[in-house]
Amino acid sequence: MSKVVEVTRLSKVYGNVRALNEVSFSIEPNKIYGLLGRNGAGKTTIMHIITAQLFASSGDLKVFGESPYENDRILSQICFIKESQKYPDIFRIVDVLDVAASLYPNWDTAFANSLLNDFNLPAKRKIKKLSRGMLSSVGIIVGLASHAPLTIFDEPYLGLDAVARSLFYDRLLQDYSENPRTVILSTHLIDEVSKLLEHVLVLDKGELIIDEEAETLRGQANTIVGASPKVAEFTNGKKIVHRDEFGALTSVTLLGGLEATERSHAQTLGLEIAPVSLQQLIVQLTTEKFDRKAA
Amino acid sequence: MSLLIDDNSPIFVQIAERIENDIIEGVLPEETQVPSTNQFAVFYQINPATAAKGVNLLVDTGILYKKRGIGMFVAEGARAKLMEKRREQFFEQYIVTMLHEAEKLGITIEQLTQMIQKGVKV
Amino acid sequence: MVNRFYGVLKLHIASPDSKARWVGFPWGILFTSFLVNIIISVMLGGNKAIYTGGLSSIFIYMLIGCIVGVNSTFPFALGLCIRRKDYFLGTALVLFLLSLGDAIFLCLFSFIESDLTDNWWSQLHFLNLPFISEGGWFAQFTIYFLMMLHFCFLGFAIASLNRRFGSAGVYGFSGLILLPGSIVGILANYYNWWEAIFNWLGQQGALGITLWLIPLTVLYAFLSYGLLRKATI
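Chains as they are written, first to last, in the working numbering: chain A, 18 to 312; chain B, 207 to 328; chain C, 707 to 939.
Please note: incorrect hints may appear among the correct ones.
If you only want the chain C side, here are some residues facing chain A, beta carbon under 7 Å, derived [as the list claims (entries may be wrong)]:
| no. | residue |
| --- | --- |
| 1 | R710 |
| 2 | K754 |
| 3 | G759 |
| 4 | F782 |
| 5 | K791 |
| 6 | A902 |
| 7 | W906 |
It is worth saying that the hints were derived from the structure and are not from the lab.
Just so you know, even glycine gets a beta-carbon here, dropped at the ideal spot from N, CA and C.
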C-alpha cells in the first residue's frame, strides 16, 4: 500500500524560530487522520507545505509518491480547506462553487447543492457579506463535494455552532463511508472529533510527539485519584504526565495501560481509576508544566 | 443505557457490547441482519474502521456471521452464548464484589443470605 | 493529465462583478472622460482642434484593475491548489483577450470619431491623437493593443511583486527604479540629451515607439512568472 503523504525530516525555519523541526511521518490511504496540537505548534505550517503553498527549509516531501510543487497531476487530487482562506471579495457563494467545480475532477454538484441546503446558505450572496460561520460552511461544502483523494481540513469550523458541526461530522462520515478518501482533520476541538479519527498525529512546538492509532492512544492513559501517600506508592516507577494536588488528595495521570492486577491493587489501596479522554491526554502532554520525570 | 460512547473502554468494545445487549434483549433476534458498519459509524459519529473492529470482534466470537454481498447476521445460538458469558460476568462483577464489600463491613455469610431473602420479598 | 486551465479562466470571469472590474470600470472612466471633454469642446465653440489626454484614463484603470484582480485571485487560486504556472498562463490569456477586445472597440470608436462624426462635430480629437492615427488602421489597432497589453502586464508584474515580497517589496522596487531614473533625468538635463532623444523618438513614429513596448511587456511577463513561482500564501 503506497503512502499518500510521506514527510521525511521536514523543517521550516524563520530566522531563529524553528516552526517545524525534523518532522517525519507518513499518511496511509483512505483513513481519517487527526493532526492535533496547540496554536503555533506547526500544524498549519506543515499543511501548507504539503499542499505546496509554503516551502520547507529542509527535508523531503512526497505526496502520492511525487513532489507536489507545480505538479498538476498531484495538486488536482488535493483539496485544502483552511480557516484563513481568502476569497476574492467580489465573489458570491455560487462563484466559489463554480470555480471549484471546474477544478476538481471528481466534483459532485448534487452533493454540493444538497449541502448548500443543509447549511442554509444563500447561494447568491457575496462572500464579504457572510458571517464567520457561513464562510466556514462554504469551505466545508467545497471540501466535501470535491471528493478529492486527499482532503485536508484546517480548523474548518470557526464560527459554526454545535448543530452545524454535528452536521459536518455526519456528512463527512456518510460520504467517507460511501466514497473512501484520505482525510486530515486539524483542530482544537479534539474531544468532538476524537471518535472520528483512526490515526492521531500530535505536534508540539514544531515537533511530532505522537504518531499513533487512535484506539491505542485511547487506552494509554489513566488518571489515578486518592490519598497522596497511597498514590505515591502506586505510581512508583510509572510514567507520570500530569499531577494535580488538592488538599490531601493527589490526582496523577499515568501513561501506559493498566493490567487487571494493577487495577485491583489500586482498588485495594482505595484509589480511583478514571479513563483519560484524548483531549485531556493531549492537553496534558503539551502543557508547559508537564513533569517528564517519573514520580 | 446511554446512547453516547464514553471514554471508559475502547470504542470498538462499546460497539460490540451494544450489539450484544440488543441480542440479549431480543431487539436483534437470531438470523436477523445487523446494521452495517457504516450505519453504526454515522449513528454514533465514530470512525467506520472502529465500528468494523467492533463488529469483527463479534464475528470472531461466533456471535455474528457474514453473508457475502448482503451483510452481517446474528448467528444461531448467539443469545444462549451471550447469556452464558453474562452469567460469568455477573459472578465476577456482582458476587465477588459483594463478598469483598461484605467482608469489609463485617457482614457474615448468614447475614448475607438473610439480606438476599429480604431483597427477594421486596 | 488534468488541465485546470479552464478553472483559472473561470476564476477571473466567474463573478458578475468581474465584468465590472475588467470591462465596466475602464470603459466607464473612458466614457466619463469623453463626456467631460465633449461638453467642454462644445462650449468652446468648436473652432479650433482640441486634443486631450483623456484616452489615457482607460489604460490607467486597466492597470489598476490588473493589480487588484491578480492580488485578490492569486491567494484564492493557490488555496485551491492551482499550479502557479496554470494561474500565470490563464491570467495571461485573459489579459491578452481583454487587450484585443479593447483595441478593437477603441478602433471602432476612433472610426466613428474621424470618419462618421467629423470629430464629434466639435473638433474634439479624443481617440485620434496625432501620432496614434498617422499610420493607418492596422498601425492604430496595433498601438492600442500593445499599449493595453503593456499596462495589463505591468499591473500583473506589480501584483506579483506584492504577492512575492509584500508591500515592502513594491516600495523597495519602486525606489530601485526611481533612483537611477532620476539620476538619468538629471544627467539628461545637464548634458542636454532631450533634443537628441526627441528627435530619435520622432523618427521612430508612434508605431515604432509602441513596438518597443513589446520587449518591455515580455519582461513584465517573465518577471510575473518568476515572482509567482516563489510566492507563498
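Hint check:
With a cut of 7 Å, the hint placing C/R710 at the interface with chain A holds, because the nearest CB-to-CB distance is about 5 Å. At a threshold of 7 Å, the smallest CB-CB gap from C/K754 to chain A is about 44 Å, leaving the interface hint violated. For the restraint placing C/G759 at the interface with chain A, the shortest Cβ-Cβ distance is roughly 30 Å, beyond the 7 Å limit, so the hint is violated. Because the beta carbon of C/F782 sits about 5 Å from the nearest beta carbon in chain A, less than 7 Å, this interface hint is met.
Interface restraint check: C/K791 against chain A, minimum CB-CB distance 6 Å, threshold 7 Å, status holds. A least Cβ separation of about 47 Å between C/A902 and chain A goes past the 7 Å threshold, and the interface hint is therefore violated. With 7 Å as the threshold, the beta carbon of C/W906 stays out of range of chain A, its nearest partner Cβ sitting at about 43 Å, so the hint is violated.
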